[in-house]
Amino acid sequence: MDLLSLKDGESKKVVGINAEYAMKKRLIDMGITRGTVITKVKTAPLGDPIEIKLRGYDLTLRKDEAAKITVE
Amino acid sequence: MIIAALAGNPNCGKTTLFNELTGSKQHVGNWPGVTVEKKEGNYKKDNNISIVDLPGTYSLSPYSAEEEIARDYIINSKPNVVVNIVDATSIERNLYLTMQIAQTGTPMVVALNMMDEVESMGIDINTNKLSEMLGVPVVPIVARSGKGIEKLMAVTKDTAQRGIATLKQDVYDKIKNIEENKNDEEADILAADMRYEYIDKVVDSSVFKPQIKKLTTSDKIDQIVTNKVLSLPIFAVVMYMLFACTFSENFLFIEGLPSPGVWLAGVVESLWGSLTGVVDAALVSAGVSDWLHNLVIDGIMAGVGAVFGFIPLVLVLFVLMSFLEDSGYMARVAFVMDRIFRKFGLSGKSFIPLLMGFGCSVPALTASRTLESDKDRKITMMVTPFMSCGAKLPIYLMFVATLFADSNRTAIIFSIYALGMVMAVIGSLLLNKFMFKAENSGFIMELPKYRIPSLKSVGIHAWEKVKGFAIKAGTIILFSTILIWFLSNFNMSGMCDMEESFLAIIGNSIAWIFAPLGFNDWRASVGVVTGWIAKENIVATFGQLFAGVTDEAVLEAVMAGEQGLPAIGDVFTKVSAFSYMAFNLLCMPCFAAVGAMRREFGSMKWTLKAIAFQMVVAYVVALIINVVGNIIF
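Chains A and B, in that order, give the protein sequences.
Read in order, the letters of the first sequence are residues 12 to 83 in the numbering used here.
Read in order, the letters of the second sequence are residues 2 to 634 in the numbering used here.
Hints are not guaranteed to be accurate.
Stated by the list, open to error - Computed footprint of chain B on chain A, listed as stretches where at least three residues anywhere in the stretch have a Cβ under 8 Å from a Cβ of chain B:
#, region
1, 27-35
2, 41-48
3, 60-69
Said to hold, decoys possible - Below, in silico cross-link-like pairs of lysine-lysine (DSS-like), each with a Cα-Cα straight-line distance of 27 Å or less:
#, chain 1, residue 1, chain 2, residue 2
4, B, Lys-457, B, Lys-40
5, B, Lys-183, A, Lys-35
6, A, Lys-35, B, Lys-438
Everything labelled a hint here was simulated from the structure, so no lab data went into it.
For glycine and all other residues, C-beta sits at the position ideal for the given N, C-alpha and C.
Chain A with its partners taken away, still in its complex shape:
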């Protein structure tokens, strides 16, 4: 399943990233590595992007990008 299917407040461990190189590298640089616990915080008021919490900080990414992150 992917990150997008998490409910608000739900946490899951990252399994992998299914994106092209530049995007994948960017996400990993930001700390989304295998085994990292990600909590979905909420969706933006207009429906996109979403806010997630990981490694003690908050990150926002678009739904397209979130869909490329697979979680347990």
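Following the hints, complete the assembly by docking chain B onto the known chain A.
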């Protein structure tokens, strides 16, 4: 001389530390070729330490202009030491950059910032253990209060002098070998994974978090501010306040109450007016010749006055912008607006420059600085002048009162404003497609913790902005004001009326260019040129050239749309008037805005590109209006 480079993630307190270290003596410029700000200064307690502020980056992977600059600087310019600021409240992600810098073999010191916040969160960090595992000195600091900074600089100086890189070379070499030996994408990603694996180990043994997690104040604020129901109304109020504080003449809907920006602009204007009066009287009593008197009063004093006139707006907007930025709300602006602006090929943060553009392009252009990507920043700057600013309204009112008296005036004026917005969207889409091909870096952005901005840092930021504007933009504004003054007051035989001036000659010789747009008339061409000094000048030029009106009171009535200039009707039809309004809306903005562009682009080449783009758009749109309009009407 020791050169110390400050490196760190965005929002790690790097700017605050830089301000603490250098005080007010800073040199602000741009890194070559990009719109990224470059700051340098000397340590205020030791002039032998020169500090270079690198752009805030999350990594040294060369994907964005900022990352490339930071990487190139550390590797090629070889600073004596890198001071890596780490936000201790999100230490894991911050240490990623630390590991990349350590890997370059440059001597470095870690400044562990935000120690006060960490303590209040109940987190305990063993800095000795941290230092041991990273192999570099770690100094805990609170940049905001200055705590630990002297110690930091002592350690920095010592590290630079000894020139020793990390003591944990084996850890970094292992990663480096993977990156270098198998030079492919897989290896890169493996190396990144390895860095975080090591960071996890470092954090496990040196950072002790409390068992029970409670919501931080920042989390609580965010629950309200970006809440599903409240976020949009809060956003609207914040944006309204930003605009109203800077531009509103009826602040908070109170009739006649000026906003701080307008009030300050008024004060500056009246002070400048009195000074001009004094100079005027002095010149007259000294009995100087007419042309000299005219040069000083209408050329120099008016030109410098124009620069000063914008400073209050830039100042007020920048105090507010720094406040939004430092408090963490700016990132939420992007979070809220991203969905809409991404469709236009812009960032959610483009909303602010574009909104401010309705007031005045000058502060609006300087506001584009908050955008992360170089591409978004450039495109936003190129289309911001399409937002119809306050100075363009008198032009529309003049035409509406003269030629559209029988039509729905509001609809005409609204359609011009709408045209500007539509062209900003179309322009941005075109620029995205043809000028900045496929530079889609996605939208992955940190939402920083909410913090109370420090007044000192807000003050320094706004002051830098004003100074940069006055110098960089001021030169262009002053020079071009004097040039146009000369062209409109002189011909080969000396001083003359505008009708016989060089400008009239130029107007005559370029009028044919505008024939396809419907206004082949030298006076209309002269209007375009005088409009570059300030767009509302077009009304005065038209008054003088079409009707011989120079009376201030009459011109003011025309500007307010209370009175028409019937003589314009001899040259303009409704269609060509609309085309003329569109042309002046979209073509090169006033010189003050050009100066602001020059300052923000940091390059004349990009400023000229932007002007060329605006001129082409203006010409094409006015042409379409004229051709299509004449078919329909």
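Hints, verified against the model:
Counting residues of the region 27-35 of chain A whose CB lies closer than 8 Å to any CB of chain B gives 4, which reaches the minimum of 3, so the coverage claim holds. Residues of the region 41-48 of chain A with a Cβ under 8 Å from some Cβ of chain B number 5, which satisfies the need for three, so the listed coverage holds. Counting residues of the region 60-69 of chain A whose CB lies closer than 8 Å to any CB of chain B gives 6, so the stated coverage by that chain holds, three being the minimum. A C-alpha spacing of about 17 Å is found between B:Lys-457 and B:Lys-40, which places the hinted pair at or below 27 Å, so the restraint holds.
Between B:Lys-183 and A:Lys-35 the CA atoms are separated by roughly 18 Å; this keeps the pair inside 27 Å, and the hint holds. A threshold of 27 Å between alpha carbons decides the hint, and for A:Lys-35 with B:Lys-438 the separation of about 20 Å falls inside it, so the pair holds.
Hint compliance for this structure: no hint is broken.
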